[in-house]
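*Asks:* The lines below spell out each chain.
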Amino acid sequence: MRNIILGLIAVFVLSNCKGDTSNDKASIVEYNEYLEYTINELLIENYSVFIESLVELKDSSIAFENGGHSLEELKQKYLNSYKNWQKLCLYEGGSGSRFGPSLDNYMQKYANTYPCNVEKIEEAILSDDYELDVKYTIQGFPAIDYLLFNGTSSEVENDFSVENKRHLFLQAIIDKMIVQVSENATSWENTKKDFIANSQSGTNGSFSKILNGITEYYEQQIRKAKLAYPLGVFTQGTVYPADIETLYSENSIEMLSIAHKGFVDFYLGKNKDGVSSDKSLKGLLIKTEVKAFDSDDLLADVFEEKLNICQEKIDNIQGDYFTLMENKDSSLEEVYAAFQDIIILLKLEVFTALDDELSYSDSDGD
Amino acid sequence: MDFENIYKIIEESLNLSFGYILNPNKRVYLGYIFTSLLLALYVYKTNKVHKTFFKYIYNKQVWFSKSAFIDYSFVVFNGFVKVIFIGPYLILGLYGAYYLTDYLTVTFGEFNSELPKVYWLVFYTLSVVVVQDFFSFLVHYLMHKIPFMWEFHKTHHSATSLNIVTQYRLHPVELIINNSKSLMVFALVSGLFVYLSGGSLDKISVIGVNVLHLVFLVFGSNLRHSQVPLKYNNKVELLFISPFQHQIHHSDNPEHFDKNMGSKLAIWDWMFGTLLRSGNRGKLTYGLGEEQKKYNSFVGNLIQPFLWLVLKIFKK
Ligand SMILES: [Zn+2]
Ligand SMILES: [Zn+2]
Numbered sequence: 001m002r003n004i005i006l007g008l009i010a011v012f013v014l015s016n017c018k019g020d021t022s023n024d025k026a027s028i029v030e031y032n033e034y035l036e037y038t039i040n041e042l043l044i045e046n047y048s049v050f051i052e053s054l055v056e057l058k059d060s061s062i063a064f065e066n067g068g069h070s071l072e073e074l075k076q077k078y079l080n081s082y083k084n085w086q087k088l089c090l091y092e093g094g095s096g097s098r099f100g101p102s103l104d105n106y107m108q109k110y111a112n113t114y115p116c117n118v119e120k121i122e123e124a125i126l127s128d129d130y131e132l133d134v135k136y137t138i139q140g141f142p143a144i145d146y147l148l149f150n151g152t153s154s155e156v157e158n159d160f161s162v163e164n165k166r167h168l169f170l171q172a173i174i175d176k177m178i179v180q181v182s183e184n185a186t187s188w189e190n191t192k193k194d195f196i197a198n199s200q201s202g203t204n205g206s207f208s209k210i211l212n213g214i215t216e217y218y219e220q221q222i223r224k225a226k227l228a229y230p231l232g233v234f235t236q237g238t239v240y241p242a243d244i245e246t247l248y249s250e251n252s253i254e255m256l257s258i259a260h261k262g263f264v265d266f267y268l269g270k271n272k273d274g275v276s277s278d279k280s281l282k283g284l285l286i287k288t289e290v291k292a293f294d295s296d297d298l299l300a301d302v303f304e305e306k307l308n309i310c311q312e313k314i315d316n317i318q319g320d321y322f323t324l325m326e327n328k329d330s331s332l333e334e335v336y337a338a339f340q341d342i343i344i345l346l347k348l349e350v351f352t353a354l355d356d357e358l359s360y361s362d363s364d365g366d
Numbered sequence: 001m002d003f004e005n006i007y008k009i010i011e012e013s014l015n016l017s018f019g020y021i022l023n024p025n026k027r028v029y030l031g032y033i034f035t036s037l038l039l040a041l042y043v044y045k046t047n048k049v050h051k052t053f054f055k056y057i058y059n060k061q062v063w064f065s066k067s068a069f070i071d072y073s074f075v076v077f078n079g080f081v082k083v084i085f086i087g088p089y090l091i092l093g094l095y096g097a098y099y100l101t102d103y104l105t106v107t108f109g110e111f112n113s114e115l116p117k118v119y120w121l122v123f124y125t126l127s128v129v130v131v132q133d134f135f136s137f138l139v140h141y142l143m144h145k146i147p148f149m150w151e152f153h154k155t156h157h158s159a160t161s162l163n164i165v166t167q168y169r170l171h172p173v174e175l176i177i178n179n180s181k182s183l184m185v186f187a188l189v190s191g192l193f194v195y196l197s198g199g200s201l202d203k204i205s206v207i208g209v210n211v212l213h214l215v216f217l218v219f220g221s222n223l224r225h226s227q228v229p230l231k232y233n234n235k236v237e238l239l240f241i242s243p244f245q246h247q248i249h250h251s252d253n254p255e256h257f258d259k260n261m262g263s264k265l266a267i268w269d270w271m272f273g274t275l276l277r278s279g280n281r282g283k284l285t286y287g288l289g290e291e292q293k294k295y296n297s298f299v300g301n302l303i304q305p306f307l308w309l310v311l312k313i314f315k316k
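These protein sequence lines map, in sequence, to chains A and B.
Once you know that position 299 of the first sequence is 299 in the numbering used here, the rest is easy, because the numbers rise by one and skip nothing.
Once you know that position 17 of the second sequence is 17 in the numbering used here, the rest is easy, because the numbers rise by one and skip nothing.
Because the hints were derived from the structure by calculation, they are not lab data.
Ideal Cβ positions, reconstructed from N, Cα and C, are used throughout, including at glycine.
Treat the hints with care, as some may be off.
[To be verified] From the structure, some residues in chain A lie toward chain B, with a derived Cβ separation under 8 Å:
hint	residue
1	D159
2	V162
3	G365
4	D366
[To be verified] Below, in silico cross-link-like pairs of lysine to any residue (SDA-like), each with a Cα-Cα straight-line distance of 25 Å or less:
hint	chain 1	residue 1	chain 2	residue 2
5	B	K117	A	Y229
6	A	K209	B	V106
7	B	K316	B	F306
8	A	K291	B	K117
9	B	K8	A	Y229
[Claimed, not checked] Label-pair restraints from in silico Cβ distances:
hint	chain 1	residue 1	chain 2	residue 2	range
10	A	E56	B	P88	51 to 57 Å
11	A	I28	B	Y103	35 to 41 Å
12	A	Q200	B	K117	20 to 26 Å
Pulled out of the complex, with its shape left as it was, chain B reads as follows (with noise of 0.2 Å):
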């Protein structure tokens, strides 16, 4: 590799890292950290808080917490992550709906759909949505219950204050995961769409931002790794998960382990018996607890899962 290739890497990195808020296809876009404003400003009115709006949303202690440094730093390093190590594989995803699309038409004969494109359209973003879902749920669930994944999973839980970036805060390896399992679900739902559709779902539909995705970043999903409590009415909690339901998530709290691991729906939770609403908690604090001393650099985030690997076979 060549120093002007090293460059390139570099930059390309730094790029996407820092270009995320202008990216609308990110959480951390300024539009949705307006939006986000907006509803924390809901929050703050009605909560009576006693300080100004601008001190209750710029707290030193969470933005320039250790913990928030640790979260900055995965951004950039997963930066370099994703283009080395993910970029150049997305199109995989492509790759897999197509090879869908033609297994299911020379299997069973083309399908004539006499539905219209729109009605394929919403049927497939609902779908998309609903299974992608689902499926986040499924990984988060299995990262809090088998100790391999969960020793990659402790980096996003050992965060001691949450912010927006927070949500940043995986480790590489949970990242790849998380990213092969997207990818899988978008192959298989985009491949049978296509054909189901008769091809009338094009690319762009396919692949364009999708506008229930997008209802999400606009509603505050941003607060979910925030100091915002902001919570749903107690029935809709059943439904979706509200961004205090996921802080609840990162509580030290025994009693809050493994609870609200869903995304967007909460019926998966409620489906597997981890839910918890709102209600009254009180104040929360975040973090792994006894084992939070190894977590508090950088580096011991990253290398903690791999030092429990080797003791565990050496154990053996």
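Okay, chain A solo, but in the shape it has when bound (with noise of 0.2 Å):
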């Protein structure tokens, strides 16, 4: 016996002379490279495009009150604009979890806090001090969706031409957006070179900070606030179909979808261009080469399904999202159990298969 143990030692150390080739995860060097494409591809150039869309949305809102814009121009570029917001939010992280510049300025909060407050909304139209700096829910695409769709085309015209003020208060929350946007993207310019040097694999490094983030976003914002918070799931079954986004303009089911679909690109690591990446989170689990539990495949690939299937499913839903809320309809049930899936391999196995620090350890004997 003490033979075959001192040997089982001998091989074991020799085995190891040839180097670690056990090693699974991913590089400093792979995610440096992930950090570089992700920010430089991705990220900055969402807030681009995004700001872009802002400022055009900020100059239709000065032609439709000179009258040069038709409230129909107005209603696109604001949608336009909503839509591109659907996938930057994606890079701002969680509440709890956010990094890069969106740590000191969450931008979540001038732009996407609903429900809006429709009486605050018409106080502050009529007051001299908007306090935009504190007041979230007076402000942001919400609000703009109910200044502009509360009300057929005419109605909301004529609102508009009764009271000037009226303008003054879209103008102005616009440009609140453009401020703390523009403060973002320039803070992440000056940032970036740490950012993405900050590549070690553990809980302080830019990686990790991104996987929290994200995990946390899409449990958040996508989860919760799209879908699970007015469906009942965390009230116990009281439903709040009001508490919808987009309640006026009803666009809810097209801001869910291209948010999941930001999401899915995010994971893909798909540019402008449409194209793919193997520098994404995708890209980074097929080198760990991990198996989904219970199953034969790769982790990565059974994550793209699920994400795929969760996709369609928001795709198929038919109707209005008020109405669907109301009642609870099964496609939204079928969207909520699909979410479930998604975060539970997010959570538990992509984690687990990306971060050493991770890893629940086994017992022995006391």
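The task is to assemble the complex, starting from two chains supplied on their own in separate frames and drawing on the hints.
*Replies:* Structure, rendered in structure tokens:
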């Protein structure tokens, strides 16, 4: 027996001499390439697209006041920039796990706090100081949604023509978004070098911050805010259909679809030309060679498949989102179930596959 | 299964068991061995031992005994058991925790806690240690009280000399039971706390090395299986199990049977009436007494419980 054990030790020592081959996790170089690509090709790009569309929205709001743009044109600009926001906001992380400049300046508060507070909006329009630094429920896209879509087009046009202050307020809240978002865009330009350089794999590394951020974002902003909360999942079944995104313009399903698609594109590392990259979360996951629990397939592929299934379910939702919420329509319950599948894989398997520090350790005797 | 896979499993298993000394989650981590040595030095000084400290620690009869080689064999063998039968299922603990949080959220609605995260962290850390410790005691207690389980636990008690590796001398069946217990407790406590804290306890705080557990590791849990009789103050031993109290647990003196089954805390033994404090007990000898000879080989330890089972079934 002694000889067997000594033999085993010898084999082990020798096998380790030829270098460590068991390192499945991605290397520092790969994390670095990932960060460089994600920040430069995806994040910065999304910022500039969004800012451009915000400026167009601002111009349109001025043209609308001067009679140069119709309400219809303004609405289109609004929807366009809102859609671009859905693709950008992922790069802030969730409220408790923000990364980069969003740590100090969480744009979500100024751009997409919903439901908006209609009474407070009307109050603010008549006041001299809007207090946009603290009153999050009177600004951002949800407030514009109310201003432009509350009633028929002629009713809305009439509201604007009766009270010129309405134009000023609309322009002020668009300006506020431009200010907040530009601040972060500049800040990213100044700090991205350090952020990318921090490519260690541990909890303090930039990759881990992004992974934590987008996970909470998915749970909080996509699953909960856009669907599960109004559907009553977190409130013992009491539904809150009036708390949906775009209550007035009724574009909730499209916004949900775009936001989710943004997440899928992030996973695949799709750039503005729609080309995927291996410097993506999926790429890193493939390198780990980890298989999904209870499956012979790679976790990277299983996760992508679940994302696609979910996207399909979202795109299959038919009808008015408010009414579907009220009736707890089964198509929404199905999307919720698909969200759950993704979150479970993301939080339990993707995390453990990519982070050494997060593997639960086995026990022995006492 | 092809050759490459077999090679991978062998490599992973050996890496696992030999990697313990570099893994801060394990008792035999170099750092804890160092702190244990300091404690041993303290015992050496206070007990006025008449040999050099090196000889005191490096006792050939302990480290090269037949019993010790069975310990070493179990470390290696259980490395394989872990890689094949335990490792792939560890994620079930996270699954369990997740489903529990989800179940509580859907059933009772979201729990809005006003408490700052740091409080939850403290409560969680305390609870996980206390609950894990209670279940460790309970499972150990049952292993001593239920004949079928005792057969498997005998492997651990058949050690006739104790060294730090003896803690890994466990029958694979006991190893699997212990891991199932840990996963279950982890899932219950983490799931509940993630729910109560409204998600403010993140994965890092839930899985990271538990500070309290660390204290036990640093303060000589290695000496539980050793020749170093580290005792605590008589009153302290009502609350915490000292290394010597666990050595009493291994004693082959019938007066010491089924005593001190706790892991960290002594309160469970106290409550169940199975606590023995160190006092003055003279020199202890270890093992299974009369039955010992059947357990003097690695294979004997491995198959005895199954032979017992077969006999039991035939007698009926
Ligand atoms: Zn025992
Ligand atoms: Zn023991």
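*Asks:* With reference to the structure, classify each hint as holding or not holding.
*Replies:* Status of the hints after comparison with the structure:
1. Interface hint status for A:D159: violated, as the beta-carbon distance to the closest one in chain B is roughly 37 Å, over 8 Å.
2. A distance limit of 8 Å between C-beta atoms decides the matter here; for A:V162 the minimum to chain B is near 42 Å, and the interface restraint is violated.
3. Interface restraint check for A:G365: the shortest CB-CB distance to chain B comes to about 5 Å, inside 8 Å, so the restraint holds.
4. Evaluation of the A:D366 hint against chain B yields a held restraint, the C-beta minimum of about 4 Å falling below 8 Å.
5. A threshold of 25 Å between alpha carbons decides the hint, and for B:K117 with A:Y229 the separation of about 23 Å falls inside it, so the pair holds.
6. At roughly 28 Å between alpha-carbon atoms, A:K209 and B:V106 are farther apart than 25 Å, so this suggested pair is violated.
7. A distance of roughly 16 Å separates the Cα atoms of B:K316 and B:F306; the hinted pair therefore holds under the 25 Å criterion.
8. For the given pair, A:K291 sits about 34 Å from B:K117 by alpha-carbon distance, which is inconsistent with the 25 Å threshold.
9. Restraint check for B:K8 and A:Y229: the C-alpha separation of about 46 Å exceeds 25 Å, so the hint is violated.
10. Hint check: A:E56 to B:P88, Cβ distance near 53 Å, so the stated range 51 to 57 Å holds.
11. The hinted range of 35 to 41 Å is satisfied by A:I28 and B:Y103, whose Cβ atoms lie roughly 40 Å apart.
12. At about 24 Å, the CB distance of A:Q200 to B:K117 agrees with the hint of 20 to 26 Å.
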